[in-house]
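J.: Spelled out, the chains give:
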Amino acid sequence: MKILVCVKRVLDPQVKARVKADGSGVDLANAKMTMNPFDENALEEALRLREAGLAEEIIVVSVGGGKTDETLRHGLAMGADRAIQIVTDETLEPLAIAKVLKAIVDQEKPGLVLAGKQAIDDDSNQTAQMLSALLGWSQSTFISDFKLDGDSAITIREVDAGLETIKIKMPAVISVDLRLNEPRYVKLPDVMKAKRKPMDKIELDSLGLDTANRMTTLQVDEPEGRAAGIIVSSVAELVDKLRNEAKVI
Amino acid sequence: MTNLVIVEHDNNEIAAATLHTITAAQQIGGDIDLLIAGENCQAVAEAAAQIVGISTVKVADNAMFAHHQAENLANLIVENAKGYSHVLVAATTFGKNVLPRAAALLDMAQISEIVEVKSADTFVRPIYAGNALATVQSSDAIKMITVRIISFEAAVESGGSATIEAISSGTDSGLSSWLSQAVSSNDRVDLTSARIVISGGRGMQSGDNFAMLQAVADKLGAAVGASRAAVDSGFVPNEYQVGQTGKVIAPDLYIAVGISGAIQHLAGMKESKVIVAINNDSDAPIFQVADYGLVADLFEALPELEAAL
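Chains as they are written, first to last, in numbering that gives the first Met the number 0: chain A, 0 to 248; chain B, 0 to 308.
The shape of chain A in the complex, shown without the other chains:
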């Protein structure tokens, strides 16, 4: 089986996003960027399936311009066999990304597509579900466990009420949650090896898809901060404040 893993280059999760003074967006100039954490879990799962002899080839794919190839190189260093970058300077919405990924799936014919459940920049949580829809495949989202079972897979989903186990027909699109696995650290020899692995670059325009955005961002604001509070000296003072000042207990 061939596995396609969808990854996105995002602001490092340890870095606090800063809104530009003109309200046009978030300032990413010189900001530390990284592979979306959930996507690392997706790639890790693919690598484990290959190590278990259940997959032969792992392709990492990403849509974007700039240094998107750096993020793909990180995926290759983690252990993916090859990479595909769909090159565009536009910031595409999840629906457009799903259309692009469908084109790559049609071309590569993987038996499984893995993606992070959401990108930590736009927090959309849409792309995997949309790709699954466009392919007419089954889906399982927010998973924390995955097992192949003949021509199906058994997955455990992290849902609001607890854990839900569902069986899905393969091929499938899976979106993964953080507790699925612990992504491996990349070692220096892996980084060197990754430089020699193949990376295809496909111009977005060459795919001939309608990827026009359906939304216009009118403004980006910083949320109102909370006023600084006080430090109390004892549990007794805390209880007194909650009872008599805040009146919440």
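Calculated directly from the structure, the hints in this document are not laboratory data. Any given hint could turn out to be false.
Said to hold, decoys possible - Short derived list, chain A residues pointing at chain B, Cβ under 10 Å:
1) LEU10
2) PRO12
3) GLN13
4) GLY24
5) ILE119
6) GLY135
7) SER137
8) ILE153
9) GLU163
10) PRO222
11) ARG225
12) ILE229
13) VAL231
14) ILE248
As the list claims (entries may be wrong) - Chain B residues, not near chain A, derived (Cβ > 10 Å throughout):
15) THR22
16) ALA46
17) VAL51
18) GLU164
19) ARG187
20) GLY206
Stated by the list, open to error - Residues of chain B clear of chain A, computed beta-carbon distances all greater than 12 Å:
21) GLN49
22) ALA153
23) GLN213
We put the CB at the ideal spot given by N, CA and C, even for glycine.
Please arrange chain B on chain A, whose structure you already have, making use of the hints.
T.: Just chain B, lined up with the frame of chain A:
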């Protein structure tokens, strides 16, 4: 304008999240219809018809909807979305699972987790774990929207008299089947609707120590939550998690115990009315958002707090 709200339910009761979603639809304006897909869910339909301001309750009662799997439910939404200007669902794991699938089949974008309705086509949604708020205008014919429930009040549950209409279920795609659901014992007080929440982090050191939080919670009638660190460490199950990728809550009182206050955790609780932080590290970022901070060893503070309540 006509709004279609997808009802979240367990075949017996309507999830509170749906009532908040209906309020978002009311702010958009125009008629509101509800779509219910389930198995033996007549009680849900009857309750839905009582909600104030609903015109029609459309019900697809079929075994294939018993567990709300995305493939069949998305197809049903697509079949019924035509003629509506807005389709809304709560941004819960139920809504997040199904709506993008339906949106893609309709070739519509999705506007995720709106926190404010500016007009019928313009909405505010948080990005970057809530560190920025984007105002977006949609040009799509059908606006597919998930709604952050803490940002909208609950609609009034009784006094309405909507028409109940049975609709065709469509055919079973057979793509997925439900096997089981494990629900933990966190059933004392619902985390998402609790007025008071007390959460523990890595500082709790073990799952057993969460009993100390539970003891305080019992005194306050509070729900117990957790940071991702505590869930990852296996102290408590995933449904306790508050944060960017867990539950987003806004109780009247949030007590963070042994939680450092990572960006991702703050994203899930910073809309709380009053925040209390108990941590032995006075430099922990949680103190920057706390109304009341107590720098103390939680293993001394918690029993003291329990005794004082």
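J.: Against this structure, judge whether each hint is valid.
T.: Hints and how they fare:
1. LEU10: holds, 7 Å
2. PRO12: Interface hint status for A:PRO12: holds (7 Å vs cutoff 10 Å).
3. GLN13: Holds: closest Cβ of chain B sits about 8 Å from A:GLN13, inside 10 Å.
4. GLY24: holds, 8 Å
5. ILE119: holds, 7 Å
6. GLY135: holds, 8 Å
7. SER137: holds, 4 Å
8. ILE153: holds, 7 Å
9. GLU163: holds, 5 Å
10. PRO222: holds, 5 Å
11. ARG225: holds, 5 Å
12. ILE229: holds, 6 Å
13. VAL231: Holds: closest Cβ of chain B sits about 5 Å from A:VAL231, inside 10 Å.
14. ILE248: holds, 6 Å
15. THR22: holds, 19 Å
16. ALA46: holds, 19 Å
17. VAL51: Correct as stated: the minimum Cβ-Cβ distance to chain A is 25 Å, above 10 Å.
18. GLU164: holds, 26 Å
19. ARG187: holds, 14 Å
20. GLY206: holds, 15 Å
21. GLN49: Given a closest Cβ separation of 24 Å, the condition holds.
22. ALA153: Non-interface label stands for B:ALA153: nearest chain A Cβ at 17 Å, farther than 12 Å.
23. GLN213: holds, 17 Å
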